[in-house]
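My request is simple: use the sequences and hints to build the entire structure.
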Amino acid sequence: MTLSVDEAENTDPDSAKADFVSIFNGENLEGWEGDPTYWRVENGCLVGEVTPSTLLKSNTFIIWKGGEPGDFELKTEFRITESGNSGINYRSDRLEGVPFALTGYQADIDGKNRYTGQNYEEKKRTTLAYRGEKAVITSQGNPNEEGSLRANVQKNCWQSRKVVKSLGESEALKANIKSEDWNECHLIIKGNKLKHYVNGILMSEVIDKDAINRKLSGLLGVQVHVGPPMKVEYRNIRLKKL
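Going by the numbering used here, 175 is the number at position 175 of the sequence shown; the sequence numbering is gapless.
I should point out that these hints are in silico values taken from the structure, not numbers from a laboratory. These numbers were taken from a predicted model, which means no experiment stands behind them. Backbone N, C-alpha and C fix where the C-beta goes; we use that ideal spot for every residue, glycine too. Mixed in with the good hints there might be a few duds.
[Unchecked claim] Cβ pair distances, simulated, as ranges:
| no. | residue 1 | residue 2 | range |
| --- | --- | --- | --- |
| 1 | Leu29 | Lys165 | 32 to 42 Å |
| 2 | Ala211 | Leu55 | 32 to 42 Å |
| 3 | Ser148 | Ser53 | 36 to 46 Å |
| 4 | Thr51 | Gly31 | 20 to 30 Å |
| 5 | Pro229 | Val41 | 12 to 22 Å |
| 6 | Asn156 | Glu68 | 20 to 30 Å |
| 7 | Val41 | Glu96 | 26 to 36 Å |
| 8 | Asn142 | Glu27 | 43 to 53 Å |
| 9 | Arg40 | Gly227 | 17 to 27 Å |
| 10 | Lys65 | Lys162 | 34 to 44 Å |
[What the hints assert, rightly or not] Derived SDA-like pairs (lysine to any residue); straight-line CA-CA distance at most 20 Å:
| no. | residue 1 | residue 2 |
| --- | --- | --- |
| 11 | Lys241 | Val21 |
| 12 | Lys215 | Asn142 |
| 13 | Lys231 | Tyr38 |
What follows is the structure, encoded as structure tokens:
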């Protein structure tokens, strides 16, 4: 069957499995750094859990110690409880003064699938592309003024952006995401083009032309979020450098 141009763009490209390298061994947290109160390995999965007795005051991450990827593909499977809020951070920096905290691009994941698939920049420009959007990001108008970055965020969304294409209605795309079951996330990150796929469907795409605030390489990690008790699991975490 021949796909149309739009269908081809919204379909997860076939990548040779041999090119991907596992970065999580499924047995222990070797190669990762995080707070053991919240992170453990169970049944071959990387598990992040918040309990009633370990509620968070700030988001916490487990961070891969294997480098700071620039251009790469990442594939993993995730499962999250309905109350959960998580995400995969990349091209990120440590947040000064807060242990195991990151600031940077995030492939958002949540249990109610309100945000799953979108591109949210943690502790920085906030929402860059909602699910179903291809968006071009530019700098704020006064980048040299103190406080200009935060001033350019309204309703948890970066204001210097333009949606250039619809990838589909958010609710229609949501129908492809399983609740409290395993889903595959595939990130294709190359240059200033950032693509987030879930279960083979392109959920969001960012073209980041903001040379002031963007990052072209950085840390990789996964998150548990402030909020009610939750559990998220990741397995088969594989990385391919481009």
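Now for the hints, and whether the structure bears them out:
no.	hint	result
1	Leu29 / Lys165: 32 to 42 Å	holds (40 Å)
2	Ala211 / Leu55: 32 to 42 Å	holds (39 Å)
3	Ser148 / Ser53: 36 to 46 Å	holds (41 Å)
4	Thr51 / Gly31: 20 to 30 Å	holds (25 Å)
5	Pro229 / Val41: 12 to 22 Å	holds (20 Å)
6	Asn156 / Glu68: 20 to 30 Å	holds (27 Å)
7	Val41 / Glu96: 26 to 36 Å	holds (29 Å)
8	Asn142 / Glu27: 43 to 53 Å	holds (50 Å)
9	Arg40 / Gly227: 17 to 27 Å	holds (19 Å)
10	Lys65 / Lys162: 34 to 44 Å	holds (37 Å)
11	Lys241 / Val21	holds (9 Å)
12	Lys215 / Asn142	holds (19 Å)
13	Lys231 / Tyr38	holds (9 Å)
Checked against the numbered hints above, the structure violates none of them.
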